[in-house]
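Engineer: If you want the building blocks of each chain, they are given just below.
2 protein chains.
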Amino acid sequence: MLVLAEHDHGDGTPTHDHPHTHRRRPQVIARLARIEGHIRSIRQMVESDRDCSEVLIQIAAVRSAIQNAGKVILEDHFESCIVSAAARGDHDEAIEEFKEAFSKLVY
Amino acid sequence: MLVLAEHDHGDGTPTHDHPHTHRRRPQVIARLARIEGHIRSIRQMVESDRDCSEVLIQIAAVRSAIQNAGKVILEDHFESCIVSAAARGDHDEAIEEFKEAFSKLVY
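In order, the protein sequences belong to chains A and B.
The first sequence begins at 3 in the numbering used here and counts up one residue at a time.
The second sequence begins at 3 in the numbering used here and counts up one residue at a time.
Some hints could be false.
Claimed, not checked - According to the in silico footprint, chain B covers these stretches of chain A (three or more CB under 8 Å from chain B):
#1 25-31
#2 35-42
#3 45-55
#4 67-78
Claimed, not checked - No more than 35 Å apart at the CA atoms, straight line, and that leaves these computed lysine-lysine pairs for DSBU-like:
#5 B/Lys101 <-> A/Lys73
#6 B/Lys73 <-> A/Lys101
#7 A/Lys73 <-> A/Lys101
By construction, these hints were calculated from the structure, which means they are not laboratory data.
Every value quoted in this text rests on a predicted model; they were computed, and no experiment measured them.
Backbone N, C-alpha and C fix where the C-beta goes; we use that ideal spot for every residue, glycine too.
Same shape as in the complex, but just chain A (with noise of 0.2 Å):
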């Protein structure tokens, strides 16, 4: 039940049929958080009309920020989904996952 509620949609429908755990979701949610918190105090530099260099500083900071959210993201992925899939012998699917994830956050 537990395992269930981690892994739906919040409508019921699973995300996976191979449920599994992301070790690094806390860590995840906090740079998220984070993040928004850099976006707002960007918009706030504009509207006070901050050097431009300064805001092109923190946009090119606040877009390292997110990369490396995502491959946060992407090693929690790699140790669970994919890894899992190996560890059933799905080599195939495994791969494919693999190159799917990798092209999202890398081109």
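With chain A held as given, fit chain B onto it using these hints.
Structural biologist: Only chain B this time, still in chain A's reference frame:
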């Protein structure tokens, strides 16, 4: 007085020695507000354990949105700070500002 108020750091110190306007500021503020909401919704996706691949798609989307907001800020910067420096005949300063701003956003 209005010009000073628009171009200080909030503590009275000017941000530029060449006051200027940013035509696209309302657009930049609107974009950043949307990005903030987007990040919040991604956090909620992670909290409700949505598929990693769906989360990664949104991470890539919000990263593009940030990059595009940066481009709009850069366009404003070119049209105001840099072009006004060039108009004053400070071509070296204009080129340096261009290179510096560009290097912040593109790496």
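Engineer: Does each hint hold? Answer for all of them.
Structural biologist: Each hint, compared with the structure:
Against chain B, the stretch 25-31 of chain A contributes 3 residues with a C-beta closer than 8 Å to a partner C-beta. That satisfies the three-residue criterion, and the hint holds. For the stretch 35-42 of chain A, the proposed coverage by chain B is satisfied: 5 residues have a C-beta within less than 8 Å of a C-beta in that chain, meeting the threshold of three. Only residues whose C-beta sits within less than 8 Å of a C-beta in chain B count toward coverage, and the stretch 45-55 of chain A has 9 of them, enough to reach three; the restraint holds. With 7 residues carrying a beta carbon less than 8 Å from a beta carbon of chain B, the stretch 67-78 of chain A meets the three-residue requirement, and the given coverage holds.
Proximity of B/Lys101 to A/Lys73 is assessed by CA-CA distance (about 30 Å); at most 35 Å being required, the pair is judged to hold. About 30 Å separates the Cα atoms of B/Lys73 and A/Lys101, which keeps this hinted pair within 35 Å; it holds. Restraint check for A/Lys73 and A/Lys101: the C-alpha separation of about 14 Å stays at or below 35 Å, so the hint holds.
The structure shown violates none of the earlier numbered hints.
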